[in-house]
Amino acid sequence: MKQHWLVRPGTIRLLWAVFLCVLALTVLASLITDVHAWFWLDGTFAFNAWYGFATCIGMVVFAKLIGRLLHRKDTYYDRN
Amino acid sequence: MTGISAIPPGLPLLLGALLLPLFGPRVRAILALGLPLLTLALAWQVADGTILRIPFLDYELEPVAGDRLSRLFGTIFAIAAFAGALFALNRARVIELAAGLACAGSAIGVTFAGDLITLVVFWEALALASTLVVWSAMTDQSYHASMRYILIHLLGGVLLMTGIIGHVADTGSVTFTTMALDSPAHWLILAGFLVNAGAPPLSAWLPDAYPEASPTGMVFLSAFTTKIAVYVLLRGFPGTEILIYLGLYMIFYGIVYALLENDMRRILAYSIVNQVGFMICGIGIGTEISMNGAASHAFTHIIYKALLLMSAGSVLYMTGKRKCTDLGGLFHSMPLTTTCAIIGALSISAFPLTSGFISKSMISQAAAGEHLALVWFLLTAGSAGVFLHAGVKFPWFVFFQKDSGLRPPDPPLNMRMAMIFFAFLCLAIGIWPAPLYDILPFPVDYVPYTRTHVVEMLQLLLFSGLAFFIMLPYMKRTPTITLDWDWFYRRLGPGVSSMMTPVINYWHTYTRIGFLRHLGTLLGTLFLYHGPQGILARTWATGSMVLWVVILLGLYLLAYYY
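Taken in order, these protein sequences are the chains called L and S. Each residue of the first sequence is one higher than the one before, starting from 36 at the first, in the numbering used here. Each residue of the second sequence is one higher than the one before, starting from 3 at the first, in the numbering used here.
Bear in mind the hints are in silico, worked out from the structure with no lab data behind them. Because the structure is a prediction, the values reported are computed rather than measured. Hints are not guaranteed to be accurate.
[Claimed, not checked] Simulated coverage check for chain S against chain L, where a stretch passes if three residues somewhere in it have a Cβ under 8 Å from a Cβ of chain L:
1) 43 to 56
2) 91 to 104
3) 458 to 467
[Claimed, not checked] Distance windows between CB atoms, simulated:
4) L:His106 - S:Ser500: 53 to 63 Å
5) L:Trp75 - S:Arg55: 48 to 58 Å
6) L:Arg48 - S:Asp328: 22 to 32 Å
7) S:Arg28 - L:Lys108: 39 to 49 Å
8) S:Arg55 - L:Trp85: 26 to 36 Å
9) S:Trp434 - L:Leu41: 29 to 39 Å
10) S:Leu494 - L:Trp75: 38 to 48 Å
11) L:Leu50 - S:Asp328: 23 to 33 Å
Think of the CB as a built atom: it goes at the ideal place given N, C-alpha and C, for glycine as much as any other residue.
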């Protein structure tokens, strides 16, 4: 079966390249924004970029830990 | 009282919904689509202030009272009812369509209720109607889920009603006004409202019940129950500090549980709790901009969440599958559904040019303006987390990831039209927010599209996306559920009660045997002394009685003499 263009490895590599370029551009765009820090930490360079990335990693790790404790088979409540 | 504006706007929809099953498909379709539009028109006839007063017992009911806030919520509820009906038309059971419209009618009834008695009547009608929507999926799971759902909502109703009685006893007035947490009655009212909002500890009813509804039913459910709670909290408890922390809890609860979830509609259900958390946090902050943020976020949320659920509903309707582990690669054959899901996902993530961007940011802005540092940092992390669990995870696992081999076509015409309508609204409000800003409760002095705000939001969201794809190996879906607070009443409670049965039986049997034995001894003793042959029941000779009298009198004489 012919692969859809969107799932070809070449396309996926291209998408990653474009995505990384866009990421770099948004970080560079920090240079042209007027930083108005409400608290000191949010005045750091490209605050939203690193803060978004770090908190997301944090949330996934936290979710995994919670999951260890609270995961059950999805038939858990079926045996009533 | 002036003619048409004295009709409670929710009433025609509520009554019309009850008549729906009496008509054939053609009339039913006209009613299902026409009644919400009629309601919308009626809602905009209601001027500011109390329009209708009806004396009832010692009180005065105000079934039609309007202001900017009630018209805003009346508008979005009517639009949600219209789109929900369009999506469900000819696809859902008649009872589900009727119950869905009755939900909308009751919610709009609450929206225009000026007094607490009218409010509680429509509030309970909403609980019943939404239970029927869950129930009308007609599966075993939906039956059990609907029973758990109504138990929780009846509990919420009892809390609310008890609080209202206390409030009326304290103040002598049934008018629904802003309340402070200064009496047990007001705490009870707040608790009753929060049950509907999906606040902790009773938040599990939402991801438990909603995903058991039919593909079309969950679209109705998502719009009314939680958002009516947001409405009454906006009116009753603005600036109540505890709401900030409850809201923050809901935001992260929604994210973490959605990240762990496998069922696509349960992901979206957790995400409702997450989004309502943002609104409740905004209400807790209580400034004009945060109240505008919460109100407008409820408005945009109803649209994009319904859109997301329509796309998930379309997938479920066409494939019969709802777990991420069974889905994937559907973009091949469902291009329209995929596009609409992505628009909904971008909107919920507050991507620039979508509706979430122009509403949610007002709440963060308010937190910054009030110098609530911790709240602001958590709200920002929460915004990143929304993109993670709903913005990327939902479309990725359903429409992309692995190829499941499923090739269902896009859903039937009416479902497609409903999705296109709401996708259009998501983009239109995002690009042109002025009409929404014009109908918010307070004057809007907020410009969403500044260079800084757009760049900051793009950074936040795109780097969250990067985090998602980097962490993808750790996010592999497993056929699991995550235990929630409902474990206490679904497992622990029944477990304890079934464990106690033998103990109580043992205790009962042995105390009963012991009791009977003692009773037997007692009866034997009594019989011995008082029975026909007992010493105390014997007949006595007259002579011995006279002798005893003489002795007693003699003793008395002696005692008297000395």
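Each hint, compared with the structure:
Counting residues of the segment 43 to 56 of chain S whose C-beta lies closer than 8 Å to any C-beta of chain L gives 0; at least three are required, and the coverage claim is violated. Check result for the segment 91 to 104 of chain S against chain L: violated, 0 residues qualifying (beta carbon to beta carbon below 8 Å, three or more required). With 10 residues carrying a beta carbon less than 8 Å from a beta carbon of chain L, the segment 458 to 467 of chain S meets the three-residue requirement, and the given coverage holds. A hinted range of 53 to 63 Å for the beta carbons of His106 (chain L) and Ser500 (chain S) is inconsistent with their spacing of about 24 Å.
For Trp75 (chain L) and Arg55 (chain S), the hinted distance range of 48 to 58 Å is satisfied, since their beta carbons lie about 55 Å from each other. Separation of Arg48 (chain L) from Asp328 (chain S) is about 28 Å and conforms to the stated range, judged on CB atoms against 22 to 32 Å. Separated by about 47 Å at the C-beta atoms, Arg28 (chain S) and Lys108 (chain L) satisfy the suggested range of 39 to 49 Å. Range check, Arg55 (chain S) to Trp85 (chain L): about 58 Å between beta-carbon atoms, so the 26 to 36 Å window is missed.
A hinted range of 29 to 39 Å holds for the C-beta pair Trp434 (chain S) and Leu41 (chain L), which are about 31 Å apart. As the Cβ distance of Leu494 (chain S) to Trp75 (chain L) is approximately 46 Å, the hint placing it in 38 to 48 Å holds. A beta carbon spacing of about 25 Å between Leu50 (chain L) and Asp328 (chain S) agrees with the range 23 to 33 Å that was offered as a hint.
Hints 1, 2, 4 and 8, counting from the list given before, are not met by this structure.
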